[in-house]
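Visitor: Please construct the entire structure, taking both the sequences and the accompanying hints into account.
Protein chains in written order, with the numbering used here: chain A, 1 to 118; chain B, 1 to 115.
Derived from the structure by calculation, the hints contain no laboratory data. These numbers come from a predicted model, not from an experiment. Where is the CB? At the ideal position from N, CA and C, for every residue including glycine. Mixed in with the good hints, there may be bad ones.
Taking lysine to any residue and the SDA-like style, the derived pairs with C-alpha atoms no more than 25 Å apart in a straight line are [as the list claims (entries may be wrong)]: (1) B/K49 to A/G42; (2) B/K77 to A/E106; (3) B/K22 to B/P7.
Over the 12 Å line for every Cβ pair with chain A, so calculated as not near, a few chain B residues [said to hold, decoys possible]: (4) V13; (5) A14; (6) N17; (7) P18; (8) S28; (9) N55; (10) L56; (11) E64; (12) Q71; (13) T72; (14) K77; (15) P79; (16) S80; (17) S84; (18) S86.
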Amino acid sequence: NAGVTQTPKFQVLKTGQSMTLQCAQDMNHNSMYWYRQDPGMGLRLIYYSASEGTTDKGEVPNGYNVSRLNKREFSLRLESAAPSQTSVYFCASSRPGLAGDPARNEQFFGPGTRLTVL
Amino acid sequence: AQSVAQPEDQVNVAEGNPLTVKCTYSVSGNPYLFWYVQYPNRGLQFLLKYITGDNLVKGSYGFEAEFNKSQTSFHLKKPSALVSDSALYFCAVRAQDNYGQNFVFGPGTRLSVLP
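Guide: Spelled out as structure tokens, the structure:
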């Protein structure tokens, strides 16, 4: 099993450009997440998808959109990149828990995408 | 509101000595608590979790953590540190009955184990 994979690993954009970060998991997990990691701030949740066909905003959704393409894939799109979106982006997934609450289960993280917006 | 504090940005310990990485939290009700480790240029990896039951939780690579409800703490410990334990450690929390919320992660603590 590859676990959680992310593409690309690195990306440099100019302000105003758009791009899509891809994420896929082969563990048959229901829930998937997108985080950004900034120095001294830990991980902040951008969007999540509790199950196929559903997406919800996290703590810092502004400037981003997501698509849960199928059970395996969850993409993150920056429509008009800004320097404030320079960060490391992590995708994660987790198994469903009791009563549909995945919080009892650990999250599995991808290797990350390092994005720089000039 | 949920929150997590990791009061130390950096912890230095000599190889072979015991290590502690501190985590305190604030949630309404009972918490789910997790520790993750991040090695350079890698994603986070799960170490251990507290869901319910025994307050002392054992996890991967010889790590353990003790849930202390009265002190709202979940400190990560290891009896004998290895140089290979040097990494960034994150504590995460979510209230057990708060289905509408997601985990809050602490800012991370950088552990350096000196040979």
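Visitor: Of the numbered hints stated earlier in the document, which are not met by this structure?
Guide: none
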